[in-house]
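Produce the complete structure using the sequences and hints provided.
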Amino acid sequence: MDFIERLNESINTVPNLPLKCFLGYLPPKDEAFVLFPLAGGRVVEEFFDGTKDQELNFEFAMKSKDQQKISNTLWLVQNYLEELSELNSSDGSFDFDSISITNKPFINQLDETGTYVFLVDIKAKITTYPKEETN
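Be aware that the sequence shown starts at 3, since it is given in my numbering, and climbs by one per residue.
Just so you know, these hints were derived from the structure itself, not from any lab.
Computed from a predicted structure; not experimentally measured.
Be aware that a few hints might be false.
[What the hints assert, rightly or not] Quick list of in silico lysine-lysine cross-link-like pairs, DSSO-like style, CA-CA up to 27 Å: (1) K67 to K127; (2) K22 to K54; (3) K31 to K67; (4) K54 to K125; (5) K133 to K106; (6) K31 to K106; (7) K127 to K106; (8) K22 to K133; (9) K71 to K22.
[Stated by the list, open to error] Derived DEER-like restraints, expressed as beta-carbon distance ranges: (10) E48 to L21: 33 to 39 Å; (11) Q70 to L40: 23 to 29 Å; (12) F108 to F49: 17 to 23 Å; (13) L112 to K133: 25 to 31 Å; (14) F50 to D93: 20 to 26 Å.
Note that the Cβ used here is the ideal one computed from N, Cα and C, for glycine as well.
Dropping the structure here:
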């Protein structure tokens, strides 16, 4: 399923985004903006053909010494996601329903070097389809 990849691509189309978003976790050093899955996703309903309605949790994290840059970036993303109505799979593995913001941008950490980490949490509702078996 290519949902997280399509979501990441979509985020990187946001105008005036100061940093490109990458999949994965925050690196130990440097400024970064990332997207990764969180625990707590669930299958809401499963159908006989293997199709599943799912709710999946994701988190955006941004790290920088510039608190205003982080705030601006994450609010841009949050506002974009609240309006997102279409996201297409490139391999037919999912249909997009909606995204809700479960935690708006908030500070998670300030370390001794003056580096801030802020987070935004989301829940995506999608329908996933089983992979076709090839013989």
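Results of checking the hints against the structure:
| no. | hint | in the structure |
| --- | --- | --- |
| 1 | K67 to K127 | 34 Å, violated |
| 2 | K22 to K54 | 31 Å, violated |
| 3 | K31 to K67 | 11 Å, holds |
| 4 | K54 to K125 | 16 Å, holds |
| 5 | K133 to K106 | 34 Å, violated |
| 6 | K31 to K106 | 25 Å, holds |
| 7 | K127 to K106 | 18 Å, holds |
| 8 | K22 to K133 | 30 Å, violated |
| 9 | K71 to K22 | 13 Å, holds |
| 10 | E48 to L21: 33 to 39 Å | 38 Å, holds |
| 11 | Q70 to L40: 23 to 29 Å | 26 Å, holds |
| 12 | F108 to F49: 17 to 23 Å | 37 Å, violated |
| 13 | L112 to K133: 25 to 31 Å | 44 Å, violated |
| 14 | F50 to D93: 20 to 26 Å | 22 Å, holds |
Violated hints, in rising order: 1, 2, 5, 8, 12, 13; the structure is consistent with all others.
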